[in-house]
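Now for the letters of each chain:
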Amino acid sequence: MCRLAAITSNEYFSPMENIVALETMKEGHDGSGMGLVLKDLNGEFRELKDYPILSGICSKDGYRKLEDYMQSLGFKEKHMWSPAIRPVKGIEKRDYYFAKVYQYPEEYLDKPWAEKEDLLMKTRIALRKLGEEDESIVVFSFYPDIITIKEVGDPLTLGEFFGLDKSNLKAKIIFAQGRQNTNYAINLYACHPFFIQGYCTMTNGENTAFVPIREFLMSRGFPGYIGYNSDSEVFTHILHYTRRQLGFPLTYYKDIITPLKDTEIEKRPDRDALRLLKASLRMLTIDGPNCVIGFTPDGTCFMVQDSKKLRPGVVGGVKGKYALMSEECGLDRAIPDRDRSKDVFPMKYDMVIVSPGAKEVKVWNQLHG
Amino acid sequence: MEPATWLDHNHQLSLKEFPYIIRWRDDRCKRCGRCTAVCPVKAIEPGIQAQRIVYSEAPTPTPMVTKRIVHVVRQVTDINRYCTGCGTCTLVCPNEAIEPEYNPQHKFLHFKNKGGDAYKRGGRRNDPGTSTLDRLKFTRISMLTDPALDAGRHEFRIRTLLGRILPPEKLPLKDENGKLTLKNDTFIPPVREIYPIMIGSMSVGALSPPMWEGLAMGVAYLNEVMGMPVVMCTGEGGVPPRLLKSRFLKYFIIQIASGYFGWDEIIHALPHMVEDPCAIEIKYGQGAKPGDGGLLMAYKVLKLIANIRGVPMYVDLASPPTHQTKYSIEEAVAKMIQSMSMAWGFRVPVYPKISGTKTARAVLNNLARNPYAAALSIDGEDGGTGAAYNVSMDKMGHPIASNIRECYLDLVKQGKQNELPLIAAGGIGKKGNLAANAAALFMLGASAVSIGKYIMQAAADCFGDEMNRCNLCNTGRCPRGITTQDPKLYRRLDADKVAERVVEVFKAADTELKKIFAPMGRSTELPIGMSDGLSVDDKAIAERLQISYAC
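Taken in sequence, the protein lines are chains A and B. In terms of my numbering, the first sequence opens at residue 1 and continues consecutively. In terms of my numbering, the second sequence opens at residue 1 and continues consecutively.
Since the hints were derived computationally from the structure, they do not count as laboratory data. Wrong hints could be hidden among the right ones.
[Said to hold, decoys possible] Among chain B residues calculated to face chain A with C-beta under 7 Å, some are:
| no. | residue |
| --- | --- |
| 1 | 21 |
| 2 | 168 |
| 3 | 180 |
| 4 | 525 |
[Claimed, not checked] Computed cross-link-like contacts, DSS-like style, restricted to lysine-lysine with a CA-CA straight-line distance of at most 27 Å:
| no. | chain 1 | residue 1 | chain 2 | residue 2 |
| --- | --- | --- | --- | --- |
| 5 | B | 250 | A | 261 |
| 6 | B | 515 | A | 267 |
| 7 | B | 488 | A | 261 |
| 8 | B | 413 | A | 129 |
| 9 | B | 170 | A | 278 |
| 10 | A | 278 | B | 413 |
| 11 | B | 250 | A | 267 |
| 12 | A | 362 | B | 514 |
| 13 | A | 278 | B | 514 |
| 14 | B | 416 | A | 278 |
| 15 | A | 308 | B | 183 |
| 16 | B | 514 | A | 261 |
| 17 | B | 170 | A | 261 |
| 18 | B | 179 | A | 261 |
| 19 | A | 278 | B | 183 |
| 20 | B | 179 | A | 359 |
| 21 | A | 309 | B | 515 |
| 22 | A | 261 | A | 278 |
| 23 | B | 179 | A | 348 |
| 24 | B | 507 | A | 308 |
| 25 | B | 416 | A | 261 |
| 26 | B | 170 | A | 309 |
| 27 | B | 67 | A | 348 |
| 28 | B | 174 | A | 267 |
| 29 | B | 174 | A | 362 |
| 30 | B | 245 | A | 261 |
| 31 | B | 183 | A | 267 |
| 32 | B | 514 | A | 308 |
| 33 | A | 116 | B | 170 |
| 34 | B | 179 | A | 308 |
| 35 | A | 261 | B | 515 |
| 36 | A | 122 | B | 413 |
| 37 | A | 278 | B | 30 |
| 38 | B | 507 | A | 278 |
| 39 | A | 261 | B | 174 |
| 40 | A | 278 | B | 107 |
Here a beta-carbon is modelled for each residue, glycine too, at the ideal position from N, C-alpha and C.
The shape of chain A in the complex, shown without the other chains (with noise of 0.2 Å):
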């Protein structure tokens, strides 16, 4: 089982502390690969808040490939962090890791929000298929504050080859999961978290619903909905087409994914909607057995289950910093001073929603809606 360690807080902390408690829930071999996604950030990129981060991953020709196309549509670096890498055995080193940070295209500056955002994102698809072939090219995410990093290996040891237990690079939610190694070809666009406009999520378990909702997600007509490398990056986009296409409130991703029965639509107060809803979205149905952890670009956290809860997952912490973990000594290792009959350990009704800055936990129940 794929371990998640999610952790927001209203203070900068390093992805270690998520990488330690992901070194907790270790359970036998575990080397399919890390991925971290970093958002609020501090130390230098806290002056660049409204610059996009292009994080990713090139080869020699690859980086050169990347610069003249960045440059040939107009953006201009602005700053460039790399990882202080550490060679260590196990993990072979790529030539270029990085997080750029660029100033929008001049004709784009002062365009509105919304078409910045698609810029980014067609740029990030656009140079992702620039080196799908030879994988010169790898990019994570190219957006604002958020920066992606991504390798295969096992999480403590790829902790140590960016260095990340000495660098500087801290921020107020970082969400990290160590992949199990259930799949054989190892891609690094398959390991989770992923990240499309603002919004991530990740995911254990295998999605069985998999092809029918790739199917759907494929054709909205939105190019953002590509990839699909690993069966849980639909748990993402479809966050996103529920928020950003469909502007419904957070609430209602859990009434998609997993949608009530209908003899308990009847008791919701809206359930004029909700059996709409049932029937427009049954094939973004998942089946589980999966918990999904999540955060919207406003910040807020959350975590929920599949409708047959046949995963673990646990919220606990300290009001300004709580955690989000696949299994609860993750969330001893992360935030041992805690209250721990506060924990939650969602059911498959609830949805636990962590405020933007931790400074709540709210359990939302989708029987009272």
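Model the placement of chain B on the given structure of chain A, informed by the hints.
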């Protein structure tokens, strides 16, 4: 030398030309006459034979010869009275003295055109081979990387939707303080939640009263007692008046076809209806006999049928091959859907049924653009019929598997795979694998499947099979009493038993569906389009259906 007349049997058929040869055992037969009395085609008859018998009665062998006249059961060689292999004779024989045996060398079709009449029959395509549906396997099994579900313990929701489903982008919803509410005055097309296996269109008239009644009772029981929303299509032939005005009408899909039989009565009953029907099916084609209309022979048109259909008694009731008002799909089909929708105030889903064809995608794309089209039902070549030309049944039509798959993938391209449900029919349960065939079709993209022959075989012991056994539905002499209006024949069928079997069939299929879905990790929604769950041991089929090849 014998006279030429004794040897010249030219233009007489030998039994070897017949598809079934009666094996009658002289030593077992007690000459009760049941078999000859019951034979629906009079293929056997009592006869007499002069036999030369050598016997000895003395203490030492003293052979003596005598001639005597004995009674025998004889198969006739008249092509119009060919043995259909139904086996009713075997069924009634007290001594197991008689049974028809299939003759693989027969030349039946060479001769079954006496008087220039092309061979007509009921039944299905005479192809006993394994269909594509039966070659599909479910190969995506959750076990250790993910826990499989428990078919007996977990909750399964085996339901589907019939009706035009709005795309999410067009839902009339607004966000009011974090709650979605409906915007006023927006038309929301009617959608029914039904069980994904439906009973397909078989008319009152084609079916005998106890058969139709048995199916209807079974469906009502499934809905009201078992909580399974199974629906049934009436076929073209009207609806019994009492049913039209009853609350049970909601379990029925009323069919309108090119003959419009019974529709005067249906329209006049509209003000008295206490429930809307489940849906309206407009029949444009039938998988078993594409391009053919319906035909109810005059001798089936008794008083009850005449009343329900609104016609005189004892006249041939021919439905034309095509709707006479139809001159283009854009114009006439849209109008028909519109008119039927309007008749029920746009509260009832209206959808067309076509026979499987290479042109199905053209029809589909037209319907996809018509916001009132509620579904598309496609009936494949393995479907059944009460009466048709043999050539239509055997040689016309399109297999359902690739037809439904290409239509689904076409919808996927347009992003409309959830808007216009596809109903697959024709050959589901051909070899008895009802649930497996249905599940395979769901995974290829069907939202629901429709069954006809299977339920007749399973619920009323229909003799018919793909070896041209029985297939007498068109003659009104159905030996089981399923497709006849002759009270002497249909009294053999007990409507209560049919109903009981219908319930048993659906209950068992429900369990089997769970046993398929559980190990595949699917329980909360029907796995429509879950093509990664399927494999086939033939590369060409795999490529055509865009599923994996496994061997």
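These are the hints, each one checked on the structure:
no.: 1; hint: 21; result: 51 Å, violated
no.: 2; hint: 168; result: 5 Å, holds
no.: 3; hint: 180; result: 4 Å, holds
no.: 4; hint: 525; result: 4 Å, holds
no.: 5; hint: B:250 to A:261; result: 21 Å, holds
no.: 6; hint: B:515 to A:267; result: 31 Å, violated
no.: 7; hint: B:488 to A:261; result: 49 Å, violated
no.: 8; hint: B:413 to A:129; result: 21 Å, holds
no.: 9; hint: B:170 to A:278; result: 14 Å, holds
no.: 10; hint: A:278 to B:413; result: 22 Å, holds
no.: 11; hint: B:250 to A:267; result: 24 Å, holds
no.: 12; hint: A:362 to B:514; result: 36 Å, violated
no.: 13; hint: A:278 to B:514; result: 21 Å, holds
no.: 14; hint: B:416 to A:278; result: 16 Å, holds
no.: 15; hint: A:308 to B:183; result: 33 Å, violated
no.: 16; hint: B:514 to A:261; result: 17 Å, holds
no.: 17; hint: B:170 to A:261; result: 23 Å, holds
no.: 18; hint: B:179 to A:261; result: 19 Å, holds
no.: 19; hint: A:278 to B:183; result: 17 Å, holds
no.: 20; hint: B:179 to A:359; result: 23 Å, holds
no.: 21; hint: A:309 to B:515; result: 20 Å, holds
no.: 22; hint: A:261 to A:278; result: 9 Å, holds
no.: 23; hint: B:179 to A:348; result: 21 Å, holds
no.: 24; hint: B:507 to A:308; result: 24 Å, holds
no.: 25; hint: B:416 to A:261; result: 24 Å, holds
no.: 26; hint: B:170 to A:309; result: 32 Å, violated
no.: 27; hint: B:67 to A:348; result: 88 Å, violated
no.: 28; hint: B:174 to A:267; result: 20 Å, holds
no.: 29; hint: B:174 to A:362; result: 24 Å, holds
no.: 30; hint: B:245 to A:261; result: 31 Å, violated
no.: 31; hint: B:183 to A:267; result: 20 Å, holds
no.: 32; hint: B:514 to A:308; result: 16 Å, holds
no.: 33; hint: A:116 to B:170; result: 26 Å, holds
no.: 34; hint: B:179 to A:308; result: 25 Å, holds
no.: 35; hint: A:261 to B:515; result: 21 Å, holds
no.: 36; hint: A:122 to B:413; result: 21 Å, holds
no.: 37; hint: A:278 to B:30; result: 67 Å, violated
no.: 38; hint: B:507 to A:278; result: 26 Å, holds
no.: 39; hint: A:261 to B:174; result: 23 Å, holds
no.: 40; hint: A:278 to B:107; result: 57 Å, violated
In this structure, the earlier hints numbered 1, 6, 7, 12, 15, 26, 27, 30, 37 and 40 are contradicted, and the remaining ones agree with it.
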